[in-house]
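Visitor: Using the hints provided, position chain B with the ligands relative to the given structure of chain A.
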Amino acid sequence: MKTLLWIQGLSCNGNTQSLLNAENPFFYEIFQKIKLIYHPSFSYRENLQTIIKKVKEEKIKINFLVVEGAVTSDKRFHKIGDYSVAQILEILKDRADYIIAAGNCASFGNIPATFPHNTDVKGVQYKFVQKEGFFPPDFKTRSGYPVINIPGCPMHPAWFTQTITALLEGKKVILDQFNRPKELFMYLPHDGCTRNEYFEWKVESEEFGHKEGCLFYNLGCRGPMTHAPCNKILWNRISSKTRAGMPCIGCTEFNFPLRENFFETKKNMGIPEEVPLGVSKRAYITITGVAKTLKNKRLMVKLEETD
Amino acid sequence: MSKIKKTKEERKKEIIKAACRLFAKKGYYNTTIPDIAEELGMSVGNLYNYFHSKEELAKYIMQYSSKLLGDEIRKINEENISTKEKIYKIVRKFFEIGQEQPELIEYFLRVFLSNREVFEEGCEGFLCVQEVVTELMLFLEEGARKGELRQQDFFPAFVTLMGPLGGMVFLQGENVLPKKPIEYSDELAENIWRALKAD
Ligand code: SF4
Ligand code: SF4
Chain A
1 MKTLLWIQGL SCNGNTQSLL NAENPFFYEI FQKIKLIYHP SFSYRENLQT
51 IIKKVKEEKI KINFLVVEGA VTSDKRFHKI GDYSVAQILE ILKDRADYII
101 AAGNCASFGN IPATFPHNTD VKGVQYKFVQ KEGFFPPDFK TRSGYPVINI
151 PGCPMHPAWF TQTITALLEG KKVILDQFNR PKELFMYLPH DGCTRNEYFE
201 WKVESEEFGH KEGCLFYNLG CRGPMTHAPC NKILWNRISS KTRAGMPCIG
251 CTEFNFPLRE NFFETKKNMG IPEEVPLGVS KRAYITITGV AKTLKNKRLM
301 VKLEETD
Chain B
1 MSKIKKTKEE RKKEIIKAAC RLFAKKGYYN TTIPDIAEEL GMSVGNLYNY
51 FHSKEELAKY IMQYSSKLLG DEIRKINEEN ISTKEKIYKI VRKFFEIGQE
101 QPELIEYFLR VFLSNREVFE EGCEGFLCVQ EVVTELMLFL EEGARKGELR
151 QQDFFPAFVT LMGPLGGMVF LQGENVLPKK PIEYSDELAE NIWRALKAD
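So the protein lines, in turn, are chains A and B.
Each residue of the first sequence is one higher than the one before, starting from 1 at the first, in the UniProt record's numbering.
Each residue of the second sequence is one higher than the one before, starting from 1 at the first, in the UniProt record's numbering.
Source of the hints: derived by calculation from the structure; they are not laboratory data.
Glycine residues also receive a C-beta, built at the ideal position from the N, C-alpha and C atoms.
Every clue listed holds true.
Using C-beta positions, here's what the derived DEER-type ranges look like:
id	chain 1	residue 1	chain 2	residue 2	range
1	A	Phe139	B	Asn80	36 to 42 Å
2	A	Gly209	B	Asn191	44 to 50 Å
3	A	Gln17	B	Gly125	46 to 52 Å
Which bits of chain A does chain B cover? Going by a derived footprint, with three or more residues having C-beta under 8 Å, they are:
id	region
4	281-287
5	290-298
Next up, chain A with everything else stripped away, as it sits in the complex (with noise of 0.2 Å):
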């Protein structure tokens, strides 16, 4: 049986928390097919010190390494019995078939990361955009992969069980520039919203929990822009931010949370700074123009009183 060691840096646990509401497979499911040796919110027989040192010693092998939360090298700020984190992942580092990155923090350093007194918080392999995370840049495990990052704060369970179940199973898993799997992180949080018609006419919400309008323009909805199946794998099968009438923040980004005001949208001269991905500033502005010039009556009024 393939085995599973689970550690925590700077984290609030809440991929964990996250994971534990994992379905189809559910949390023990998955835990009947991998063997968890240790995790520090289930593991009560044996200690932390106890499994690195039979790990040392050749007694336990572990196949998958899952780091939750960002890491450290500077003891006072984190610490697990004697060890760093960052001393942890050195000792284990060459001893895994894979590593994962579960959630933001541990993949890009997240809001640990940007904390002014350490500068020395990142992510398991990236810090942000750069690659200047705990391990170099052309680090790999055993298997050949580097990092797999599974951002989002918190990571959907589904995306981890998926990755795992797909690695358990000998898939090649395809990665993205930012080593996030394919197969779930191309799509946007914008794909399957269901404010996209009125993303399409450019009528805006102004207000948060509406079921009308678009959070893009004046709400600052980065779901155009964040790589993430939010809209695709709900979030407890039945609702995601956007659906809700909460803009995307994206938190499954390197960038997350680098930003100024999730809430707004930055604009010049009342023009958006950024546009969706995969088209021009200059196509954006002229589809827009367009759109809204060709007023939808359905979508003008509240969907209570739509025939």
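Guide: Frame of chain A, contents of chain B with the ligands only:
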């Protein structure tokens, strides 16, 4: 020697020129398709090969002028120069076109702006002048993004830029300008720059 056949596009340009002249002189409603055909020495039937109606012609003229000016502003937009220099170039270009093809500007002022009902369908909003508006949006956005122009809403900035140009042409049309509009170009550009620039 065989007569060189004019292309359809060239022919369309001539029609636009003649139509603009007549529309500006006699007004949109008082000008008929036969009048335009006569002005061109063309048969009415032949003219209909190019435009199915007076209204279609009227809208086409707007699209044509918008494309003409839009293409020129696009070239300026793509130059690697400061926002201030771009304003100087846009203003100059506008008056150059006005000098070369005065009928287009006359048409804009005396037909497009005064007979809005003709353009209500298919030419509403910015539909017929999209190229110019798009290029000016790109220009203003970039200027503000680079911090060279003051942040503000698009529309006030847009009219601050275009308003003076229209005003100058209007004065010329009223025959009260002692000099040609292009000779005021730099002064006007300076005013526009000062009005829009970041402090
Ligand atoms: S709300 Fe966001 S994701 Fe949805 S259509 Fe608008 S921009 Fe796209
Ligand atoms: S919708 Fe955007 S902010 Fe929300 S979880 Fe998906 S990627 Fe993150």
